[in-house]
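Number of protein chains: 2
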Amino acid sequence: MDVKDDSTVVNLGRHLLAEFYDCNPNILNNLQLVQEAMLSAAIACGATVVDSKFHHFSPYGVSGAVIISESHLAIHTWPEYGYAAVDLFTCGTACDPRMAYEHLQEKFKSGSAYCSELKRGLINLSTQKMIESPFQLEAQSSTTTAAPHVVGSQQIAQPQEV
Amino acid sequence: MDVKDDSTVVNLGRHLLAEFYDCNPNILNNLQLVQEAMLSAAIACGATVVDSKFHHFSPYGVSGAVIISESHLAIHTWPEYGYAAVDLFTCGTACDPRMAYEHLQEKFKSGSAYCSELKRGLINLSTQKMIESPFQLEAQSSTTTAAPHVVGSQQIAQPQEV
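Residue numbers (my numbering), protein chains in the order written: chain A, 36 to 197; chain B, 36 to 197.
Don't read these hints as lab results, they were simulated from the structure.
Each hint should be verified, as a subset may be incorrect.
Only pairs whose alpha carbons sit at most 25 Å apart, straight line, appear in this in silico SDA-like list of lysine to any residue [to be verified]: (1) K142/B to Y95/A; (2) K142/A to I158/B; (3) K88/A to E71/B; (4) K154/B to L74/B; (5) K142/B to I191/B; (6) K164/A to Y95/B; (7) K88/B to L47/A; (8) K154/B to E152/A; (9) K144/B to K144/A; (10) K164/B to L66/A; (11) K88/A to D131/B; (12) K164/A to S176/B; (13) K144/A to Y95/A; (14) K144/A to K154/B; (15) K88/B to G127/A; (16) K154/B to E167/A; (17) K144/B to S177/B; (18) K142/A to Q67/A; (19) K154/B to N59/A; (20) K164/B to T180/A; (21) K88/A to G127/A; (22) K144/B to G81/B.
Sample of chain A residues with no beta-carbon within 10 Å of chain B, all distances over it, derived [as the list claims (entries may be wrong)]: (23) L74; (24) I78; (25) K88.
Quick reminder that beta carbons are idealized off the backbone N, C-alpha and C, glycines included.
Produce the entire structure from the sequences given, and follow the hints as far as they go.
In C-alpha cells:
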C-alpha cells in the first residue's frame, strides 16, 4: 500500500534520527553541558519538558533522555570520536523537532551532521485503524559547517562530577 | 562507500525500532505495567539499568525512558489505537535488544509487531575514524500471534494514578 499518496493517512509520531559528527569532545563529555543542550533544544522546538534523566559514563560518554509532553529526546555521546547519536521523537504539530536538531548542531559545534526523518505509527483517518507496517523514511538531509573540530581522546578533559 | 562489505567497519550503536500493533489497550494505558515491562525488558536483554522515568498522559498514553549502561530504551503508547512505538538502543555486545523486543511483544499482548534494526555511528577500525553517514538499515522483520486484541477507546479503563 502506498501510504505516501493517501491523504487520509497520518502518522502519530515524527521521529528524527540525528548523527552529529566532528563535535567538540569536551562538550560531549560534560554531563551538565549535554543536559543543558538537550533541555534547551526541547524548548527551542516548542516542546514542554516533563522530566529528564542524564548519566555520565566513565571514562567517556553521556547518555540521557528528556521526557516532553510531545514524547521524548534521547542522546548518547562518544566524545572520543566526536560523535553523538540523538533521537528526537514528537507527536502532534505543536513542536518542530528540526528546530531541536539545528539547535543541537550549534551547541555541540558539530562540523557535519545527518538528519533522517521517520514516520512512526501510521493511521488511516477514514477507518481510524492503524496501518501495520515498519517505520516510513520521510526524508534525509545533511549539513556541514566551515569549522570542523579535530577530535581525539587525548583532547578530552575529564569534567568535574555533577 | 559500501560499508556493509567492509569488515573493518563496526557500529557504535545498535538501534531497534519496534512497532507494536494490536496490543492490550489497558496495559498500554497503565503507567506501572508499562514501566515494569520496560524495566524487565532491559533485564531480559542483559542490560544494566541505571535509571528510568515514566509519565502518564491524560486521558491516554504513557511515555518513558530507561537509561541503561548500554544506552537506553524508550516508549510511547497510544492505547486508543492499541499501538506502542518503542526504541531499543544498545552499545557493545553485552546485551541483545532483540530479547527486549520479544519480551515486550509478549508483555503488551501484541498481535502484530515490526522490528527494524539500524546501525548508528559507523567507525572504521583501521583508521579509528567515524564514517560520516546517516543510519544504516540492517534488517526488518515482523511477527504475529494467533490472538489479536480488538482495540478501541471505549475499552480502556482509566488506571489509578501511581
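(request) Would you list, in rising numerical order, the hints stated earlier that this structure does not obey? (result) 1, 9 and 25
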